[in-house]
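Asker: Chain by chain, the residues:
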Amino acid sequence: MTVRTTELVAAIVCALCSIGLMVKSAELNIGWVAGKGPGPGAWPFWLSSGMLLVSVITVYRWFRKITPESRNLEIFITRDRLVVVGVSAGSILFLLVATHIVGIYFSLFLFLLFYLKFVGRHSWPLTIVLMIGIPVFIFCLFEWALKIPLPKSFTEPMFYPIYDLMYS
Amino acid sequence: MDSIFTLLASGILEAMQPLNFMMIIIGCTIGLLVGAMPGLGSVNGVAILLPITFLVPPTAAIIFLAAIYYGAMYGGAISSITLGIPGASTAVATVFDGRPLAQSGKADRALIAAAIASFIGGTISVVLFTLFAPPLAAFALKFGPPEEFALMVLAFATFIGLGGDDIPKTIFSILIGLVLATIGLDIISGQPRLIFGDITGFLHGINFLVLAIGIYGIGEMLWTLETTRGEVTVHKVKMSVRSFLASLREIKSYIGTTSLGSVIGYFVGTLPAAGATPASLMSYGLAKTFSSKPETFGKGNVAGVAAPEAGNNAASTGSMLPMITLGIPGSPTTAILLGGMIIWGLRPGPLLFTEHPEFVWGLIGSLYIANFATVLINLAFIPVFVKILTLPFTILAPTIYILCVVGGYAPTQTMHDVWLMFLFGIIGYLLRKLNYPVAPAVLAIVLGPLAERSLRQSLLASQGEMTIFIERPISLVCILLAIALISYPTIQKLIKRRRAQATSGEK
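Chains as they are written, first to last, in the numbering used here: chain A, 1 to 168; chain B, 1 to 507.
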């Protein structure tokens with residue numbers, strides 16, 4: 001896909017999102033409520049109408065080839081760049097999905113193993129040190145210092161002994 | 001005048017409290033590191049680390065974040081000079097002369113000049129800040145909802161007029177930020193708004209941090225990975241006491257233009273869309289114009305490194321002025337600081353000076369100390385910072401992703417927000433590739449609730465008459481300035497076209 005095509009697709013998607021937001025805002029009162037001023041839907045409704053307007057202008061400018069992107073016939077994202085970005089985005093996606101299943105700490109473990117060993121090709125000692133060190137650091141910082149429990153899913157009981165140590 | 005000195009002295013004492021002082025030192029060091037790493041700037045550091053500051057009281061927290069902001073402005077120069085890639089966009093102009101100096105083996109001179117110039121810029125701007133902030137805040141006390149709203153319109157207009165990005169795309173970015181801010185419960189009627197698919201996660205609204213971390217954490221790392229592919233070459237830096245003393249003697253060759261650049265940088269920094277990048281470019285241009293040897297600029301002139309560094313440091317302090325006094329952030333980083341203040345239960349704006357003087361003056365006092373701390377840490381540890389630049393991207397990137405994920409989870413403690421953050425990161429990255437500016441959206445999501453409240457209060461007071469914004473003098477001035485700024489790019493284009501026609505007519 002060229003940059004030019006992507007520019008048009010993005011502008012159309014933006015316009016559609018704006019329409020969606022307008023419809024959603026119009027579920028609430030977008031007019032004047034006596035004694036209370038503008039209804040709750042008015043502000044988001046007019047903002048999304050503005051979004052629609054500027055998106056349509058972008059589409060118009062695309063037809064007239066005004067923006068530099070609408071004249072750019074290069075590939076939007078080349079295959080090797082897509083691999084670099086895709087590996088990162090994919091591994092974060094994995095981290096989030098895995099967090100729902102096995103909790104954050106085990107997911108971090110796997111995420112770091114993959115990123116450090118298979119993407120970065122670092123040595124095993126360094127990989128293992130960071131693989132254990134970073135989750136431990138995150139645990140100390142969030143659970144212990146900030147008192148913010150991170151999601152652990154079914155692995156929660158494994159942490160009971162540590163809680164006992166922390167809060168005893 | 002006397003009272004300013006007393007307040008400032010109490011502020012400096014407040015900043016010298018052990019906890020606050022420690023925060024300054026840690027913040028400056030982290031800021032230097034974050035600023036030095038290519039692709040990461042103050043805004044990324046502040047966005048990613050804000051959740052961690054819940055650990056300490058608000059004053060210590062903002063001092064910490066302001067110190068990161070400060071340190072990052074110094075740190076940007078390190079990678080501009082030794083790698084030839086700006087550590088942050090604010091250090092772009094530092095590459096022009098920093099790179100040639102490093103190539104000819106004078107990286108140490110460039111780094112020392114950058115640190116000293118940053119110190120000059122920081123000092124001048126902090127003094128200006130101290131002098132301007134109290135009267136501006138006192139003036140802003142007169143503002144009612146119409147003035148507040150008009151001021152926000154003006155803040156957004158600066159993005160359209162001075163941002164330099166595609167105008168429809170800039171407006172889109174502002175509007176989407178404002179719409180995202182409306183999600184959740186309506187502040188006046190209490191009704192749920194824009195709850196997509198009845199997902200309960202939307203009921204508590206979209207925290208600005210979710211957008212800021214998504215865009216400046218995940219989106220920015222993806223962008224940096226794509227553009228640098230993680231491959232960089234570092235120039236060697238040799239430091240010695242003798243070269244250090246020789247560099248100190250060079251100060252007099254650039255102190256004049258650097259000071260002037262700092263003053264200009266400070267005022268440019270106060271404008272929301274302008275900020276540190278244009279300030280450093282303007283300061284560079286000024287140094288070149290006033291130089292007796294302008295032809296040496298771009299080929300390795302130390303003054304060409306000093307000027308932009310003074311400019312960007314001064315601008316970063318300048319951008320805090322409207323944040324503290326008016327509640328309008330002067331840059332994306334201060335937008336995040338402002339959002340943080342709201343989380344800590346402080347209402348940014350003129351009342352802050354009367355209601356929480358210890359907070360405001362503690363922050364101002366900390367700027368003075370941070371300035372000294374950063375220049376000392378910077379000069380003492382230049383070789384260490386250069387070494388850290390060689391840290392492989394495959395270690396840096398996953399660490400940042402992890403901080404983003406847990407940082408996105410911390411404020412509301414729902415996975416819903418983490419998913420949203422990831423989504424914003426990807427969308428932000430894609431839109432940025434298409435030249436949609438992302439900073440206005442971050443500013444808008446922070447200001448959104450304030451803008452809506454002031455608009456609705458104004459309209460309620462005027463019974464729906466929009467004329468309320470032009471009947472009151474201060475808001476009229478703001479609106480007129482906003483109109484002038486919005487029409488500025490169009491007028492500029494017309495003048496250019498007319499000139500082009502005139503010259504082609506002469507032929």
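No lab work stands behind these hints: they were computed from the structure. Being a predicted model, the structure only gives us computed values, none of them experimental. Quick reminder that beta carbons are idealized off the backbone N, C-alpha and C, glycines included. Take the hints with a grain of salt, since some may be wrong.
[As the list claims (entries may be wrong)] Covered, in the sense of this in silico footprint (three residues per stretch, anywhere, with C-beta under 8 Å from a C-beta of chain A), are these stretches of chain B:
hint, stretch
1, 163-174
2, 211-222
3, 458-471
4, 481-492
Asker: Now tell me, hint by hint, if it's right for this structure.
Answerer: Now the hints, each set against the structure:
no., hint, verdict
1, 163-174, "holds (count 5)"
2, 211-222, "holds (count 3)"
3, 458-471, "holds (count 3)"
4, 481-492, "violated (count 0)"
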